[in-house]
Amino acid sequence: MKPDTLGGDVDHVITKADMLDSMLVACPSFRPAWDAFLAEWSTEDDKPLYLALSDLAHHLLDLLAARQESELSGAFAVVERWHIEGDAYVREAATIGLLENLQDETIHTSTSPKEIEPFLLPESLKWWRKIEAFWAKGTR
Numbered sequence: 001m002k003p004d005t006l007g008g009d010v011d012h013v014i015t016k017a018d019m020l021d022s023m024l025v026a027c028p029s030f031r032p033a034w035d036a037f038l039a040e041w042s043t044e045d046d047k048p049l050y051l052a053l054s055d056l057a058h059h060l061l062d063l064l065a066a067r068q069e070s071e072l073s074g075a076f077a078v079v080e081r082w083h084i085e086g087d088a089y090v091r092e093a094a095t096i097g098l099l100e101n102l103q104d105e106t107i108h109t110s111t112s113p114k115e116i117e118p119f120l121l122p123e124s125l126k127w128w129r130k131i132e133a134f135w136a137k138g139t140r
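The opening position of the sequence shown corresponds to residue 1 in our numbering, with each subsequent residue numbered one higher.
Rather than coming from a laboratory, the hints here were simulated on the basis of the structure.
Just so we're clear, the structure is a prediction, and the values are computed from it rather than from any experiment.
Label-pair distances were calculated between CB atoms; the ranges are:
| # | residue 1 | residue 2 | range |
| --- | --- | --- | --- |
| 1 | Ala33 | Glu69 | 14 to 24 Å |
| 2 | Pro122 | Ala39 | 35 to 45 Å |
| 3 | Glu40 | Pro122 | 28 to 38 Å |
| 4 | Ala33 | Ser110 | 12 to 22 Å |
| 5 | Lys130 | Thr43 | 30 to 40 Å |
| 6 | Ile107 | Glu40 | 12 to 22 Å |
| 7 | Val25 | Asp62 | 17 to 27 Å |
No more than 30 Å apart at the CA atoms, straight line, and that leaves these computed lysine-lysine pairs for DSS-like:
| # | residue 1 | residue 2 |
| --- | --- | --- |
| 8 | Lys16 | Lys126 |
| 9 | Lys114 | Lys126 |
| 10 | Lys16 | Lys130 |
| 11 | Lys114 | Lys137 |
| 12 | Lys114 | Lys16 |
| 13 | Lys47 | Lys16 |
A virtual CB, placed ideally from N, CA and C, is assigned to each residue, including glycine.
Hey, can you work out the whole structure from these sequences and the hints?
Shown next, in the form of structure tokens:
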């Protein structure tokens, strides 16, 4: 197996079961929220990861407000890996579960969606733009 340019493993497809593992390495400050999510949903075999991704979106905005750029850069490198190395679920969750949340003006208290853009890598930025186009013009 050979590493890719983002530190991942090109022979490994990221799945729903392991998608948050790399985020917890890149963004260790998310661990308490993740642990709380796991505790809350401990009786469920199929955990609602979209809810955890909403929690992650809020956490990333807190990091943005605190100007924790190093951790944000690491987190968005993982999001890029989700888009490139993820299975269909992971790719869709990265876009709809996370990026779309981050574009929601109502969850920004002291930041704006535009402040996220410098952290987005090419594939994630492509999907960010597609979400913008969809909401602005209904374009798929």
